[in-house]
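Build out the structure end to end from the sequences listed, making use of the hints.
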Amino acid sequence: GNSVTQMEGPVTLSEEAFLTINCTYTATGYPSLFWYVQYPGEGLQLLLKATKADDKGSNKGFEATYRKETTSFHLEKGSVQVSDSAVYFCALIGGYSSASKIIFGSGTRLSIRP
Amino acid sequence: DGGITQSPKYLFRKEGQNVTLSCEQNLNHDAMYWYRQDPGQGLRLIYYSQIVNDFQKGDIAEGYSVSREKKESFPLTVTSAQKNPTAFYLCASSLSDSPLHFGNGTRLTVT
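If you read the sequences in order, they're chains A and B. Taken in order, the first sequence gives residues 3 to 116; the numbers are from the numbering used here. Taken in order, the second sequence gives residues 12 to 122; the numbers are from the numbering used here.
It is possible that part of the hints are untrue.
[Stated by the list, open to error] Derived BS3-like pairs: lysine-lysine, alpha-carbon spacing no greater than 30 Å straight-line:
#, chain 1, residue 1, chain 2, residue 2
1, B, K20, B, K81
2, A, K79, A, K54
3, B, K25, B, K94
4, B, K20, A, K103
5, A, K51, B, K25
6, A, K51, B, K68
7, A, K103, A, K58
8, B, K82, B, K20
9, A, K79, A, K51
10, B, K68, B, K94
11, A, K79, B, K68
12, A, K70, A, K51
13, A, K103, A, K70
14, B, K68, B, K25
15, A, K62, B, K94
16, A, K62, B, K81
17, A, K51, B, K20
18, A, K103, B, K94
19, A, K51, B, K94
None of these hints come from the bench; they were simulated from the model.
Shown next, in the form of structure tokens:
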């Protein structure tokens, strides 16, 4: 079945550092891919998405490119801020065996030092 | 503004009591979902419903029950049969295979 694997956290960086959070997936067919962000005590918010191979999703300075050849959707940001501290979830939906259920990775906690 | 409302934000119950968590959406979404999140962990699917009067078990449905009598509402009951009910519960909704919209969660503590 479909699955998503994220790098384990926590990830701790200094402000203005470059961020990469790795995400790889297993799916048949052509799933859509997402990154969600969860701030402390809140629900998840959609950060960005990509629906087909080579698409780049972007929002709030974050980017991720749908790479079918490497089955990856790594999240990147060129210069992180303290306000980016949160938990980030990679997710997919669709493909041939989705059963209309979104599959989440286990989440990566990001902490940014001032 | 459209969105998903979960209430209450914090809920405390004694062991052995059933408790119902509310989830209401005014997004006109067909599908609704309940997830459980434990500290430092990802989301686990409890139940989901794709249309009114129909719902399916997720990965961890034991000890939980739901109803979907109206499109806007998908309440979750945590029964006394749930062995470890203390957790953060998240409700979500979506249109078909579009991204999920989440509520702000209910933190349930059972002592």
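Could you check the structure against the hints above and give me the numbers of any it violates, in ascending order? 5, 11, 15, 16 and 19
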